[in-house]
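Novice: Chains as they are written, first to last, in my numbering: chain D, 1 to 437; chain H, 1 to 477.
Derived from the structure by calculation, the hints contain no laboratory data.
Hints are supplied without guarantee of correctness; some may be wrong.
[As the list claims (entries may be wrong)] Computed footprint of chain D on chain H, listed as stretches where at least three residues anywhere in the stretch have a Cβ under 8 Å from a Cβ of chain D:
#, segment
1, 13-22
2, 399-413
3, 467-475
[Unchecked claim] Ranges between beta-carbon positions, derived for each pair:
#, chain 1, residue 1, chain 2, residue 2, range
4, H, V14, D, V182, 27 to 37 Å
5, D, D85, H, T95, 45 to 55 Å
6, H, T94, D, Q94, 31 to 41 Å
7, D, T109, H, P68, 56 to 66 Å
[Unchecked claim] Just a sample of chain D residues kept apart from chain H, beta carbon distances all over 10 Å, derived:
#, residue
8, T19
9, A50
10, K115
11, Y258
12, H262
13, L277
14, L344
15, L355
16, S382
17, F389
All values derive from a computational prediction rather than experimental measurement.
All residues carry an ideal CB built from backbone N, CA and C; glycine is no exception.
Listed below are the residues making up each chain.
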Amino acid sequence: MTARNRELFGLIPASLLVTAGFAAVFIQRSNALSNISLTYGAIFLGLCLAGHVVIRATLPYADPYMFPLVALLSSFGIVMIYRIDTTDARQQAQWFVLGLILFAATIITFRDYRKLERYRYTIAVVSLVLLMLPRLPGLGDQVNGAYLAVHIPGVFEFQPTEFAKIGFVIFLASYLRDTREVLVQGARRVLGVTIPPLKHFGPVLVIWGLAMLILFALHDVGSSLMFYGALLAILYVATSRLSFVVVGVLAFALGAWYIGAHVPHIDARVQEWLHPLSPKLYSGTVPGVSSYQQANALFAQAAGGMFGQGFGQATLTIPGTSHQLLPAPSTDMIYAVITDELGLFGAAAVLIAYLMLIARGFKTAVLARDSFSTLLAVGLSSVLALQVFVIVGGVTRVIPLTGVTLPFISYGGSSIIANLVLVALLLLVSDRARRPA
Amino acid sequence: MNAPIGRVFGFIIVLFALLIVWTSRWTVFDAKALRDNPLNARTVIDEEKIDRGKILADDGTVLAKSVPGPDHTFTRTYPTGSLFSQTVGYSIATTGQDAGLELSDGDYLRGVNTGISAILGQLGGGTQVGDNVYTTLDPKAQRLALSLLDGRDGSVVALDPQTGAVKVMVSLPSYNDNTPNANCGAPGCKENDATQAFDVPGSTFKIVTTTAALNSGKFTPDSVLNGNSPLTVSGVPLDNDSDTSWGPQTLTVALTNSINTIFAQVAQQVGRPTLTEYMKRFGFYSKPPIDLPPNELVASEPWTPTTPSHPYPPGSPNEDIGRIGIGQGGLLVTPLQMAMVAATVADGGKLMAPHLTDHVVNPDGQTIETIKPVLYSQVMKPAIAQEISQMMRKVVEEGTGQPASLGGLSVAGKTGTASIGATGSDLTEPWFIGFAPAANPTIAVAVTIDQTHGGYGGTLAAPIASAVMKLLLSEHG
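Produce the complete structure using the sequences and hints provided.
Specialist: This is the structure we're talking about:
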């Protein structure tokens, strides 16, 4: 069977899932099975087929599993959001359509994605500007103490970090392809530690500074971790030097510790992380600190148990009121809702689906025939993996909770569009890598 | 570059493994602690979403039921209002307040004990439906008892002596269990005085003293003692009612006329260890073995005259054993305990553990549990119970308990008129305990009115007992 036919068959489970999911929501809502669920399933299948046709026409050799996995995660996301808020789900469906259009546009525009290398500094600067937009007066919007979104009332709202992450990965992959030889060969060893020449290491330091800036100016621990983690992954693959990673981690930890101690918002998040069940922090009697969300994320998971309460059964608001028991259920907290309703098994299944997608990304990196392609695939896969880790790790209290979206699943236009573009780039790399010589 | 790619991917697998481990920590390993955390509002909301079962009387009258509220929640209503409030109790999911049978039968009512089909239904996302609890309570007799108390503070308890089934459990002051948090106008109105009061039993306790005297073999109903008044007991003179000096009398006559000085001597001669042993057999010194929450039960036992007062250790040498023998001397009891005393004599010396729950029916209509009678203790030999029963019949036929007689039906009983005020005050607590029909008892009662000015058990409590027993006997044959 050809790769494309495999992809086509792979879309069937996703379509079944979205149909079954909507059916479950309808049954739960009104005790009646409406054929709207079939309609939604059909529409979704149609959209995925359109995406598939674009890939079939342009990227015949691309990895056959990535797109079905993305379709699966997205359809699961739309069903989850629909169960939480029907209006949001309709919007999310529109964002998904727009995302697919940009997905197709990316594939068609960047058939030869290696020309991206030529614009690497432009891409880096644009990404940097995007990143700092939320800090601009009149544009920025402080949400829970962090500057995460650009907000023009009545026009649009978007989260620039979602797009900037792709830009930075392109820049880093391109830059390190050029300098990786010099970084290693020009390095001296001092006390067994490889120290690269400073002038080539400069841009790496810039990225470190950028991560610190994100922390300091945007108060966004999640994005900072994501960007920096992707940098280290690309750097490590480019140079094979673990010492770079170790030094990088130490530098990040040191900077994060210093900034954390001086930015009250970050310190508050750490306090909430360490003591989510403290009655004082929970009730918000300490100014600027509230562990309500973190604690309720844990309570929601506990309510789910091994197998979950059942689809549509999670308690999201206090009965008879609209007071949210779990703040941001369709965005930051969607993993907690998934665990509540589908249990440990459902949540683990979602994580494994991500891991399979990420595995395909790394497989692409291995198959790629040039360094830029390899580093790009590593960077894109890593940034995706780290985004999942940052938000799920926050919800499960592995690390402090910060607001990034769960890729493809969380409600949010920027997230779904940016991540579809990310997958489009991976598919482009994959098509070139798997093309018969 | 392939080896580092593998390592990066390996590291990501480790990160994801951490996520799964932490998820299982909250969903499985720490789940119980998180669910029980007082900050967790979900626990309360989940309670609200349970369609608790009904609580019903023995004739099917609904005493408590769930009505649907917003967002698939339920609230409880109590159609009989304050009639059964102290016994049925209340359950408010939003505040986690539970009392009475709502609390002690909570597992049935919430459906925790329901079978596999209900659990499967719940996995499918349905509402958790509880089981219906049928009680032994008789609404007609309960209503009659309440009306006969006529607004006076006091209690009426009626038991089936052969099974321990509680037919009536009334106490005033009361409250409406639809609004348990409203001010009910009197201190202690939410307490179930039938099981939580500290009442002075007075002469009704002479049944316990008599049991110890006869069953220990130290006395017979015909033993003769000097009934003159006053008698110095523990250094303080003890009077008979109206200070009557009865001269030498048998125990039967002494019980019929409730001669204090004779029973004080009996108690002293029986001795502290033996009397304490019989009290324990009757259930004194421990909370009554009934299916109500432990915090709604108190033990019946003697209390010290000190401030603050505390229970004497059982058999303490400081007890005024002579006065305890006539139901004074710091002895404080619950009406339920005194009903258990009457029921024991009625059932040939066997004390059956009292119970309010009769059977439990699941939502499909199947009876999943029937409460069987449980023997609490064999207090005395059946022959001794027979003798005491005869003596108690005389109380009603010829003595202080005559107002309790039911035309044509023999009643056995014992009156009590406890002095409860300071020395010289006329405050009394009238009592009557007894059972009917005397030959083959099916009902045992205890009636008390908390406080009267000089009122007697025979005139105030006995008629209530008589009317309640008459109704119950007419209903149940």
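Novice: Each hint should be assessed against the structure and marked as holding or not.
Specialist: Evaluated hints:
As drawn, the segment 13-22 of chain H meets chain D at 7 residues by the rule of a beta-carbon pair under 8 Å; at three or more, the given contact holds. Counting residues of the segment 399-413 of chain H whose C-beta lies closer than 8 Å to any C-beta of chain D gives 0; at least three are required, and the coverage claim is violated. Interface restraint, the segment 467-475 of chain H with chain D: violated (0 residues with C-beta to C-beta distance below 8 Å; minimum three). Evaluation of the 27 to 37 Å hint for H:V14 and D:V182 yields a pass: the beta carbon distance comes to about 31 Å.
Range check, D:D85 to H:T95: about 30 Å between beta-carbon atoms, so the 45 to 55 Å window is missed. Checked against the hint of 31 to 41 Å, the C-beta distance between H:T94 and D:Q94 comes to roughly 39 Å, which is consistent with it. Between D:T109 and H:P68 the beta carbons are some 57 Å apart, a value that agrees with the proposed interval 56 to 66 Å. Here D:T19 stays apart from chain H, with its beta-carbon at least about 18 Å from theirs, past the 10 Å limit.
The non-interface label for D:A50 is consistent with chain H: the shortest C-beta to C-beta separation is roughly 31 Å, beyond 10 Å. The beta carbon of D:K115 is kept farther than 10 Å from every beta carbon of chain H, the shortest such distance being approximately 22 Å. With a cut of 10 Å on Cβ distances, D:Y258 stays outside the contact zone with chain H, its closest approach being about 25 Å. Listed as a non-interface residue, D:H262 keeps its Cβ farther than 10 Å from every Cβ of chain H; the least gap is roughly 28 Å.
The beta carbon of D:L277 is not kept farther than 10 Å from every beta carbon of chain H, the shortest such distance being approximately 6 Å. D:L344, annotated as away from the interface, has a beta carbon of chain H within 10 Å; the closest lies near 4 Å. The Cβ of D:L355 does not lie farther than 10 Å from every Cβ of chain H; its closest approach is about 5 Å, which violates its non-interface assignment. A cut-off of 10 Å between C-beta atoms contradicts the statement that D:S382 is not in contact with chain H; the least separation is 7 Å.
For D:F389, the condition that its CB be more than 10 Å from all CB atoms of chain H is violated, with the nearest at approximately 5 Å.
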